[in-house]
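Chains as they are written, first to last, in my numbering: chain A, 1 to 169; chain B, 1 to 169; chain C, 1 to 169.
If you're looking for bench data, these hints aren't it; they were derived computationally from the structure. Keep in mind that a hint or two might mislead.
One copy or any two copies: either way a pair holds, since identical chains are not told apart in the list.
Stated by the list, open to error - Below, a list of computed lysine to any residue pairs in the SDA-like style, where the Cα atoms sit at most 25 Å apart:
#1 72 / 21
#2 127 / 166
#3 103 / 86
#4 61 / 90
#5 103 / 19
#6 61 / 76
#7 72 / 13
#8 51 / 139
#9 61 / 161
#10 127 / 153
#11 127 / 105
#12 127 / 145
#13 127 / 47
#14 148 / 158
#15 61 / 130
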Amino acid sequence: MNNSLASNSSRTIAQEVVREITDLLYDYVLCLDDDRLEEWPDFFIEDCIYKIVPRENLRLKADLPIWFCENKNMLRDRVLALRTCSVYNLHYDRHLISNIRVKCQDDGRFYVHSNYAVFQTDLIEGKTILFCTGKYEDEVVFVAGQPKFKVKRVILDTYSVPNLLATPV
Amino acid sequence: MNNSLASNSSRTIAQEVVREITDLLYDYVLCLDDDRLEEWPDFFIEDCIYKIVPRENLRLKADLPIWFCENKNMLRDRVLALRTCSVYNLHYDRHLISNIRVKCQDDGRFYVHSNYAVFQTDLIEGKTILFCTGKYEDEVVFVAGQPKFKVKRVILDTYSVPNLLATPV
Amino acid sequence: MNNSLASNSSRTIAQEVVREITDLLYDYVLCLDDDRLEEWPDFFIEDCIYKIVPRENLRLKADLPIWFCENKNMLRDRVLALRTCSVYNLHYDRHLISNIRVKCQDDGRFYVHSNYAVFQTDLIEGKTILFCTGKYEDEVVFVAGQPKFKVKRVILDTYSVPNLLATPV
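Here chain A stands alone, though its shape is the one from the complex (with noise of 0.2 Å):
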């Protein structure tokens, strides 16, 4: 069964790597919610890929991805993008993160999964929304002791958000 597979092999993980997966996905929100973008990018090691995927595009089997970069540079591209050539919606947002589970360990890869909602607080009428809910679905290396996303994979749970999707999740 799925669930005491899923119980079995984040038992066999030490906890001191479950922690400091968890404080990664901590720090990576925080980062963003405080609109350091310049840091985002180094949450990932140079041989990345990061891509948001609605969940309807999972379900036809079709990982069609809205969002793809497929290296950090592209990462550094889109935080330059977003300073100085993108016009979007101004506003501050809050991730929650829920559901953290480091599934399973291979080849120093990291499993992990979590739940995650975001709101956003626009700038001008000072209005906070739900802005979207999904999973992370993301594979962790550890680099000179340090965590780090080989593979951030976004699912939204529609493929229509409102607003402009205009900066990371």
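Using the hints provided, position chains B and C relative to the given structure of chain A.
For chains B and C alone, kept in the frame of chain A given last:
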């Protein structure tokens, strides 16, 4: 004082047990979010109780559930009904859990409190809404080393849930 | 880098302390959600600060709180006022906390960051709404082995909270 009492009792419960119960709660909502309803009863022992109670009813000291199953077969039956004959709004769920407290242990049962929020995304228009919030008051037992729900009491913050309360919370 | 610094400092703080501070935060919001306001001041030391600051004010480098208590008696007074003379919309609160990071320790104080979302259910129509989101920036000290808030700084993501901000966050 309630607060220090709770802290003390939690401290005497082994952290390994707290982690396993936390993982149980996380796997439980992951199962629901992934729409693997057939696996849902396996989080419970045979002689279990699952009920959903609006918070107003607790206030009135009348614990009147709007959903009540008093053994595992009633859970299985519910899943069968949902899959084969119920008519309800098709949706994705997304659960966030927080504030997990293994409050005390008595007679082999662990009393566990947590807060939850459920977000629903409808499959037609793709709109994600806040569906309901509340708390879980659970009793967990270990069977063959695996944590299972003996009692899962879902307390809703309101009697007035938008749409239909069709799938388990 | 901010991220690795944070990770390092957290690693040197004993996990037992992190757990006790986490439980403090969880018990704190549980107390509010259960409307046990009379117990709320007991989460603080006598010489405490509790303030609520909109994020806009931080941006302007002017830390102008919209709620400011500079000792425990002011908290007690607030509860008394809420119970005996304030007129406000009666509601249930539901807090979710996430992203708890015990960032560093200095001089016996622990600096703790967390994200929160508060959902409110009104008692008349039973409608649950997103009330506010933001972050806690707390300073925690241990008194007789119990963690207590020396400073609780509630940062709101917006100056424009729906309805009235009557009860503590």
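Okay, the hints, checked on the actual structure:
1. In the homo-oligomer, the alpha carbons of residue 72 and residue 21 lie at most 25 Å apart inside one protomer (20 Å), although the nearest pairing across protomers, at 36 Å, exceeds that limit.
2. In this assembly of identical chains, residue 127 and residue 166 lie within 25 Å of each other by CA distance both inside one copy and across copies; the values are 18 Å within and 18 Å between.
3. With identical chains, the CA atoms of residue 103 and residue 86 are never at most 25 Å apart, being 37 Å at best within one copy and 33 Å at best between copies.
4. In this assembly of identical chains, the alpha carbons of residue 61 and residue 90 lie at most 25 Å apart only when taken from different copies (19 Å versus 34 Å within one copy).
5. In this assembly of identical chains, residue 103 and residue 19 lie within 25 Å of each other by CA distance both inside one copy and across copies; the values are 13 Å within and 14 Å between.
6. In this assembly of identical chains, residue 61 and residue 76 lie within 25 Å of each other by CA distance neither inside one copy nor across copies; the values are 30 Å within and 28 Å between.
7. In this assembly of identical chains, the alpha carbons of residue 72 and residue 13 never lie at most 25 Å apart, being 28 Å within a copy and 32 Å across copies at closest.
8. For the identical chains of this complex, residue 51 and residue 139 are intra-copy neighbours only, at 12 Å inside a copy versus 37 Å across copies, given an alpha-carbon limit of 25 Å.
9. For the homomeric pair residue 61 and residue 161, the shortest alpha-carbon distance inside one copy (21 Å) is at most 25 Å, but the shortest distance between copies (32 Å) is not.
10. Taking the shortest Cα distances, residue 127 and residue 153 sit within 25 Å of each other only across copies (21 Å), while inside one copy they are farther apart (28 Å).
11. Taking the shortest Cα distances, residue 127 and residue 105 never come within 25 Å of each other, neither inside one copy (42 Å) nor across copies (35 Å).
12. When the C-alpha separation of residue 127 and residue 145 is checked against a cutoff of 25 Å, the pair qualifies neither within a copy, at 41 Å, nor between copies, at 41 Å.
13. Taking the shortest alpha-carbon separations for residue 127 and residue 47, neither the intra-copy value of 38 Å nor the inter-copy value of 34 Å comes in at or below 25 Å.
14. In this assembly of identical chains, the alpha carbons of residue 148 and residue 158 never lie at most 25 Å apart, being 27 Å within a copy and 32 Å across copies at closest.
15. Proximity of residue 61 to residue 130 under the C-alpha cut-off of 25 Å is found in neither arrangement, the shortest distances being 27 Å within a copy and 27 Å between copies.
Consistency with the previously given hints fails for numbers 3, 6, 7, 11, 12, 13, 14 and 15, ordered from lowest to highest.
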